[in-house]
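K.L.:
Sequence:
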Amino acid sequence: MADDWARAYVCAHFGKSLFWYMGEVFLTFFLIGMLDIDPVHISTYLALGLGLSAILDLAIGRLCQTWLHQPRFAGRIQSIGALGCAASFGAILVSGYVTHAPAGIVAGILMFRIAFELYDVGQETLLSIVPTPDPGRRRGIVGLRLAGSAIASMLISVMTGYFATPGRNTGAALHLAAIAIAISTTAILTALVLERRSTTHPPRGPSSPWSPPTAVVPAPQSPAHLRQALSIQCVAIFVSAWTAPYFVRIFPFILHAAPALPSWILACLPLGATISQPLWHRMIGRVGEAKGIVTGCAASCGALAGMALLADPPRHDDYAVLAVLIFLLGVANGGVALGLWTHFVETAAAARHTSRYYGTFMAVSKVGLAAMSILLGEQIGTDGRGPSLPVFCLTATCALLAIGACALLLPRAATDRTIAQDTDPRDIAPRRTSGHL
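The opening position of the sequence shown corresponds to residue 663 in our numbering, with each subsequent residue numbered one higher.
Misleading hints may appear alongside valid ones.
As the list claims (entries may be wrong) - The following label-pair restraints were derived from C-beta to C-beta distances:
{"no.": "1", "residue 1": "V760", "residue 2": "L971", "range": "44 to 52 Å"}
{"no.": "2", "residue 1": "I937", "residue 2": "L1071", "range": "28 to 36 Å"}
{"no.": "3", "residue 1": "H837", "residue 2": "P764", "range": "37 to 45 Å"}
{"no.": "4", "residue 1": "P1052", "residue 2": "H978", "range": "14 to 22 Å"}
In case anyone wonders, no lab produced these hints; they're calculated from the structure.
In this text, all values refer to a predicted model and were calculated from it rather than measured experimentally.
All C-beta atoms in this analysis are idealised placements derived from N, C-alpha and C, irrespective of residue type, glycine included.
Starting from the given sequences, assemble the full structure and let the hints guide the process.
P.N.:
What follows is the structure in structure tokens.
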């Protein structure tokens, strides 16, 4: 039953990631290339949606904390969010191709953000209220969800490259409708399966059939320890917006400057993150999250140094080298993400109010993405040219140095220990005073 729930969770996260990257990657190409909307305005639209997402993260994490600690409700709310994402994305496509109404596009983006937050917070909170049967199980689930997310990113990148190819506008609306139906069906079905697994096989509680005779849960941590960890994690996730997400956002401008560059090359980034997860899982299990993050940051800086040495824009002779460097950047970024998310998930699992921690962490991550989007809009010149590849390399290197410094400051992650089956993990967490996270 434990494996059934884990598989359902990973599949549901894959479905959610399809919607996330449709909103983050494809929507940028769609609005710029296919609807010919000013890139500066697009940055404002995306930042507005992300800002709304951050507010909703905080609100849902605090106002719904009682229900979000119940697997039945958390599973149901993420299913409702999946349905809302499907409806709002359809509204965006209709506004773009049928009514050609910018106001409808903005409304669709805002609707999408609201629905996605229900989807996101409900699903993510489930990850920390699951008692794990061994010390590496939760880290393994985190790694699998990152791999699923990377595969979703790769699929959306390939799809985006297909539509970004000149001459693909013919029949694009019909193709997009088919893709939207396929993605929506996948996301909704996987969300419903996870809801069913969370309802019939609750992943917590003394009588849960999921729980083995013993379950490994984080040892109790002091409120000050947890707040310190969360603060450092928030700084790291904020500046991470200027690493891989920044590269994804500027890639359309790189393609514009080098039209012969294969658009599918962007898929090398998530491919590297996916393939490397077993390696990072074993390494972090041996050396810990902090050292894993630092190693990933160092490897990322090496890949960025190689990219900075290439011509700008990349010449035809550099395409193969650029593909390898993007792949290596994905490999390194996979380690940074696994280390940071594993440390955060363990911190949230040790807290009494898990949903508050998720709301805060995800809100800060989206504020970082919103800030990055606004700054990217300011960097777009009057000729429509965006930041160059060397500018990205310098910016991402500074962000990675900051993430590495945060990793060195992180307190030791909550130490797993075995407890009896009839002990609720929430019962061993320290009581929190009102007003704290």
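K.L.:
If a hint holds in the structure, say so; if it does not, say that too.
P.N.:
Hints and how they fare:
1. V760 - L971: 44 to 52 Å: Since the Cβ atoms of V760 and L971 sit about 47 Å apart, the hinted range of 44 to 52 Å holds.
2. I937 - L1071: 28 to 36 Å: Holds, since I937 and L1071 (Cβ atoms, about 30 Å apart) stay within the stated range.
3. H837 - P764: 37 to 45 Å: violated (23 Å)
4. P1052 - H978: 14 to 22 Å: holds (19 Å)
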